[in-house]
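J.: Chains A, B, C and D supply the protein sequences, listed in that same order.
Here the first sequence is numbered in the numbering used here, starting from 1 and rising by one per residue.
Here the second sequence is numbered in the numbering used here, starting from 1 and rising by one per residue.
Here the third sequence is numbered in the numbering used here, starting from 1 and rising by one per residue.
Here the fourth sequence is numbered in the numbering used here, starting from 1 and rising by one per residue.
Note that these hints are calculated values from the structure, not bench results.
One or more of the hints may lead you astray.
A few chain B residues that face chain D, going by a derived Cβ cut-off under 7 Å, partial list only [said to hold, decoys possible]:
#1 105
#2 108
#3 111
#4 125
#5 129
#6 142
#7 143
#8 187
#9 261
#10 270
#11 271
#12 274
#13 318
C-beta atoms are modelled at their ideal positions from N, C-alpha and C, and glycine is treated no differently.
Here's the letter readout for the chains.
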Amino acid sequence: MRLYEYEARELFGRFKIPIPEGQVVNSPEEAAKVARELGLPRVLKSQVLTGGRGKAGGIKIVETEPELAEVIPKLFDLEIKGFPVEKLLIDPKLDIAREFYLGVTIDRLNYKLVVIACAEGGVEIEETARTNPEKIMKVSLDVDEPLYSFDAIRIGKFLRLAGDQLKQFIPIATGLYNLFRKYDAKLVEINPLVLTADGKLIAADARMSVDDDAMFRHRDLTEMGIVQRHEEGEMTPRERQATEWGIPYLDLDGDIGMFPGGAGFGIMGNDFIHYYGGKPANFMDSGGGPSPERLAKMLVLLDENPNVKVIFGARFGGISRCDDFAKGVLIFLKEHGLSKPMVMRFTGNMWEEGLRIFKEAEQENPQLFARIEYHGIETPIEEISQRAVALAKKVK
Amino acid sequence: MRLYEYEARELFGRFKIPIPEGQVVNSPEEAAKVARELGLPRVLKSQVLTGGRGKAGGIKIVETEPELAEVIPKLFDLEIKGFPVEKLLIDPKLDIAREFYLGVTIDRLNYKLVVIACAEGGVEIEETARTNPEKIMKVSLDVDEPLYSFDAIRIGKFLRLAGDQLKQFIPIATGLYNLFRKYDAKLVEINPLVLTADGKLIAADARMSVDDDAMFRHRDLTEMGIVQRHEEGEMTPRERQATEWGIPYLDLDGDIGMFPGGAGFGIMGNDFIHYYGGKPANFMDSGGGPSPERLAKMLVLLDENPNVKVIFGARFGGISRCDDFAKGVLIFLKEHGLSKPMVMRFTGNMWEEGLRIFKEAEQENPQLFARIEYHGIETPIEEISQRAVALAKKVK
Amino acid sequence: MAILVDKNSRVLVQGITGGAGSFHTKRMLAYGTNIVCGTSPGKGGQTVEGKPVYDSVEECVKEQGADTSVIFLPARFVKEAAIEAIRAGIKFVVVVPEHIPIHDMLLVRKEAMKYDVTVIGGNTAGIITPGEANLGIIPDIAFKPGRVGTVSRSGSLTYYVADTLTSSGYGETTCVGLGGDPVLGSTFDEILLKFEDDDATKAVVMVGEIGGVYEERAKDTIARMKTPVIVMIGGVFAPPGKRMGHAGAIVEGSMGTAESKLKVLEEAGAHRARTFLDMPRILEKLGV
Amino acid sequence: MAILVDKNSRVLVQGITGGAGSFHTKRMLAYGTNIVCGTSPGKGGQTVEGKPVYDSVEECVKEQGADTSVIFLPARFVKEAAIEAIRAGIKFVVVVPEHIPIHDMLLVRKEAMKYDVTVIGGNTAGIITPGEANLGIIPDIAFKPGRVGTVSRSGSLTYYVADTLTSSGYGETTCVGLGGDPVLGSTFDEILLKFEDDDATKAVVMVGEIGGVYEERAKDTIARMKTPVIVMIGGVFAPPGKRMGHAGAIVEGSMGTAESKLKVLEEAGAHRARTFLDMPRILEKLGV
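This is chain A alone, in the form it adopts within the complex (with noise of 0.2 Å):
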């Protein structure tokens, strides 16, 4: 989950991370007071979740009053990959002697934590990555390791800092990384660490990501306002109905609706149906254990969704049982009514059960099974999929 700016850079704060004085608006208004008040030329950024703010022109240094008041109305009205822009940062202008890249993020390869460091800061630093690796330090450490001040030198010289900036430098990578472990984060980033004309270390710009999963122990999170959210992209209003109903989907551009059980086959089938010749309309993903109620809601989206030509549903039934999924079908069957065809197939958990459900409720009403082709594990997979991609290109 990410954090905004202003949040992460709160954060700093706390493990003495030196940060812009900057300050925090929410409106026009509040941003020409401020502005006016801390004194001109000011940095004005836009808090979006996502990055290429800069580019997208959300960004702007501010010399002259009638700029100020071009731009403030102009960054409100901004949208950054979907992200309106809600918020801004007041900083001040720095005088920036040099630029550098620190960050902390986890090598899950080996099961580290790894600082990386580079002497050249900015957006430029993957492709430096890429092309000068030597120019890129890492430090590994396990989780349960501290980073020691020893540490943080050997990082500060490989960056060319030295005497009152070295020492400088020490409690700002201790600190990021006392940071990162303290709140099971992902990644923090500063870019750039900047070096002032004056010779001052200022983290110019804050990034950080923590983990969802682990959000339960750190309350003072929450209590700072930073709630579960999105990572970043724009969501499409069917996708937003979906986190509403907390279920991770995502619109693609074809014409199958895929009803996947598990998300590992739900990655696999949208291949399938490519392979076929056919386009999935979503991704959806059901969960471990889906209630029928979920499933009815996920079907819903489905139906209601007027790229979607046909319905393809799979279940492999382990933690979430055949039968849960007989009858989440059948609610939506009769609460909502099939308006595509769909074509499916489900087999292990309780398939027989939810073979039962499915049998009685069609000698009880046929007419609710009419646009539903049901199989088990006697047909493959892909037979499923080639007859789904049959039926899209029936439809059209």
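Assemble the complex: chain A is given as a structure, and chains B, C and D must be docked to it using the hints.
T.: Using the frame of chain A, we list chains B, C and D on its own:
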């Protein structure tokens, strides 16, 4: 540095260790008021920085109003091992089913933290440890290792706890251990840890000592009002005076005033005097590299002590230099004057310079040195010790 | 033969008294899994499905000779439960719960390495050695004893692969679910090496997917293996995942895409299957 | 021969730019100690007494081949300084400052064990190999090269013992100050073993005192040593120290009194000296 029970208990509470719903009071009036409000019976516990307060009558169970009126002033008049009672804890009377001992301390021999538990709590625990060591469980851990829940369970089962009580015990043990580590403790003890008749575990007593040398990183303790203080024991007026001057000093019952350099020879010189048939009047430590002014004050303490018949000085200059030593003696001689015979030896770091200072001053004013015999490396310290004993006997 | 579990494994269930724990204990027992006991602190002395419950893993090892553990506990308790099992002498730990905090899993991994213990998961469906033992939440319908091993990050794909291998007559030696969490107790290469050492396993099917770096880690192992490896990677047509900051790109480079995974694994000698039905075709060609 | 330091030791001073650091660097150099450099973060590039200053111990090892360190820093910085030295490859660390937090010293000790490094102190006067090297704050007046090793918790007693050995013609191989803090980097037994392995050391004087448990730790070592050990314990007539809680009594038992120390050490074969002048008498008897 030892904490008061009520201070330790506050920290216990912060670490989720269940504590009785007690209240601290500062005067007999407040005690009476609070005890009445809370309702009888109550346990009144004197707050003093020493053990054995139970035997000294510092803990009273009060069942009735007349008892209360009688007991409160008595407790406030108490002095336990030299500590006047200035605060009471007004506790509920617990209905005790079982009592345990649970403590954490440092095993210096093996460089470990050690958690100690015994199914038989109370004051007899040391006796139990001696006679039935198998009744004591010790769990050793490195200083940077956590105590896990499963460690706590192992200890709890050793205490023959089961079911809900075992579950209650887990956060008590891990909390106590975390508290110990968090505050650089030398000791935390719950004795007794009580199991009440209705099946609740509760820390009926709370004892804690923290490392003075680590107080710099525990500002929050200082903010709680926990400040540097004597570990335990009554102080004589002279000891109080020395403490004010920052000089480690202890009155003994002999007549030779000990003016040693360093704690090592301070202790050994005491033995020497005894070996040669004398008795020191004090123990004193100059600390590393004392200033001349401090040395002068040390001599004032001895010269003004009516029990002292002769002063025995010894200095082997290391970090404390002999020139400073000579200067300190000189300040004392000039500003205060010596009223008793003094025999001394100095050698080591800068001893020639010290000697020069003495010679010069003696030449200038031989009167100052009328009562002093001073020696250098040529005379063994044993001889000087014998001389001090002989002089003391002569004075009598 | 099999890897990691068989009929002689002495299995303990951590969290046996909970809803999922007791439900799946019954299922696993019904399959014939040799579950000997379970833990639930404070519930020592009870029984679940006729099996004794203890307060600690230490007792399970001492009293029942447990050597294998399946964890059914809320995610926040997994770190300590896994470390408890590792330190108590358990040699194989299956972490079924999902959403284990990443920092916790890093610590579990460190302890596992120190004590030479294999941990799979979190968020794994489990592991099954058909006809011998079934640990976790795997439905047994698709599995039959045979000669192909499987290893996958996804539960559902494990089932589909086994279904295919079973219906085409190959059957399975052992099927391992690595788990779907971002940081896992074991990696593909570690499981592949165990299959390589297993005489009964004549080929291995490895199923990966877009994201993460554990598929790429397997390339050197596959290059050195005598046992043939079939690889299937999901997400060839998935929208590319987002990188986490610059740091993510610096640490993981180009790893994580389906292309990157397929490229390095095919270069190492793995045989690519696009669909499940490709698998028996490849096995036949390989003469397995 | 000598133990721990000699004229070939390449000594670095941690905190060389501070008041005590620079003062004693000058003194140590004057004695002939082979100080090659010092550290002071942020002051790399300066010099003190003609010796280069670096930002880190790592550089001292790399650039100057430092293998021994003396720490002159405020107590709160000692933990990291010592761990830095240990991890950078220094093999012997002398901690001069006093009042090191106990928990810090426990961690330093753990790191030292892991990397097989000897640490002495905190609160030690240091160590001297007469005529070769003097590390710490020891005045050199009383020391002369010779054949007896000494180890003591107290600086002043180290001086008195050496004074006696020197004036009686025995002289010293190496004199080690263990330090006066409650938890120490090294213990008597560890230093005694080094003397046992040193051919030049014909006898060892061990001076302990009331309190603590490190004297008692030496009993098994003394029993096994061929080199004779003279022991002197201060505090026979001192008022007994206070026990810290019941826990202190349970962990340390009857250890810590002068009687307990003398009893176990004499039983192990050590020769007791009451005063310094007893020492040459005992040495003569032993034919040293």
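J.: So, for every hint listed, does it hold in this structure?
T.: Hint-by-hint comparison with the structure:
1. 105: Holds - the Cβ of residue 105 of chain B comes within 7 Å of chain D, reaching about 4 Å at its closest.
2. 108: holds (5 Å)
3. 111: holds (5 Å)
4. 125: holds (5 Å)
5. 129: holds (4 Å)
6. 142: holds (6 Å)
7. 143: holds (4 Å)
8. 187: holds (5 Å)
9. 261: Interface hint status for residue 261 of chain B: holds (6 Å vs cutoff 7 Å).
10. 270: Check passed: Cβ of residue 270 of chain B comes within 6 Å of chain D, closer than 7 Å.
11. 271: holds (5 Å)
12. 274: Holds, about 4 Å.
13. 318: It holds, given that the least Cβ distance between residue 318 of chain B and chain D is near 5 Å, below 7 Å.
Violated hints are absent here; each numbered hint is respected by the structure.
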